[in-house]
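Just need the whole structure built from these sequences, with the hints factored in.
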Amino acid sequence: MNRFKLFKTIFLAITFAIGSQLGSSQTLIAGWDFQTTSNGGTAVDYAPNTPNVLVANFGVGTLFLDGSNGSSSWIKTIPGNEISAYSGCYLNAGPGFSTYTGGAAALGVLCGTNGSANGKHMVFKFSMTGKSRLIVNYIMQRSPTGFTSQTWDYSTDGITWTGSQTFTDLPLWSLGLVTLDTIKGLANAETAYLRMSPSGASEATNYNKMDNIQFNAYSSLSTGSGIVTPLSNVNISVSNGMIRFNANAGRQLEIYNAGGQILINKLTIEGLNTIPLTAKGLVIIKVDSWISKVIL
25 MNRFKLFKTI FLAITFAIGS QLGSSQTLIA GWDFQTTSNG GTAVDYAPNT PNVLVANFGV
85 GTLFLDGSNG SSSWIKTIPG NEISAYSGCY LNAGPGFSTY TGGAAALGVL CGTNGSANGK
145 HMVFKFSMTG KSRLIVNYIM QRSPTGFTSQ TWDYSTDGIT WTGSQTFTDL PLWSLGLVTL
205 DTIKGLANAE TAYLRMSPSG ASEATNYNKM DNIQFNAYSS LSTGSGIVTP LSNVNISVSN
265 GMIRFNANAG RQLEIYNAGG QILINKLTIE GLNTIPLTAK GLVIIKVDSW ISKVIL
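In this text, residue positions in the sequence shown follow the working numbering: the first is 25, and each later residue adds one.
Relax, there's no trap hidden among the hints.
Computed cross-link-like contacts, DSS-like style, restricted to lysine-lysine with a CA-CA straight-line distance of at most 30 Å:
id : residue 1 : residue 2
1  : Lys-208   : Lys-304
2  : Lys-317   : Lys-304
3  : Lys-317   : Lys-208
4  : Lys-290   : Lys-317
5  : Lys-304   : Lys-290
Listed next, with one range per pair, are the computed distances between beta-carbon atoms:
id : residue 1 : residue 2 : range
6  : Gly-143   : Asn-272   : 44 to 54 Å
7  : Lys-208   : Gly-139   : 26 to 36 Å
8  : Leu-306   : Gly-139   : 52 to 62 Å
9  : Thr-203   : Gly-91    : 22 to 32 Å
10 : Leu-306   : Pro-72    : 53 to 63 Å
11 : Gly-139   : Ser-111   : 23 to 33 Å
12 : Lys-304   : Asn-63    : 43 to 53 Å
Just so you know, the hints here were simulated from the structure itself, not pulled from any lab data. Don't be surprised by glycine CBs; every beta carbon is placed ideally from N, CA and C.
What follows is the structure, encoded as structure tokens:
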């Protein structure tokens, strides 16, 4: 095989790999049906026995309502409780989720005495390592004077938060599906946080009920924003004709232009690698078997 055909074959293989990743289906990171305990998850219970830390029933994640990880401390003692259990729902149940709807099967957040829970925070903690494009959805029900809005924010440290979305048209009495806009700002985050803050409730025992919460995401290799390897998180930055990333020494680096022509073929150095490029447009970067793309 001549050199041009070899470049073309490699380029087509890389392009196919990226295309396959772009078309890959989303996978569940963490899910809460508030019933299944066989995977180590936490089952919800009625106040005053409602857990204020709930481990995901599927996948890996934790919901905090205990004042830690950026959350508020939600009251579970009666009267004046701000969390409790409610009957569940079979809608939006993921694979393996319980579809039993009786008894304590969903989480409820209540107004509390004199609206004490208005503006409080519940926080989900999970990992986006190797993942991007977070998609969150859940089943919701609002009682008449329960919370009228829910505000969602995200963070990578549980301290500094970025606004994501506010819902003000919450389903009253009927069960409805709520889906957040895709969140891209948590791609490859080793630790990720998502915070929900309800407001607008005006009567102590009125509530928002939540069930079958799903956190799904795609492989991060489809984003072009970085490469995740078993050894390190290689975040690529591009500025002034330079590609920069951190990597372990001795890894095979190959960079191709959009025509499949190889531009760089060398071993990485330990720490910061700075690669000057005069090429413009799409550039494909390959470190060992890991692939990403950037636009110059």
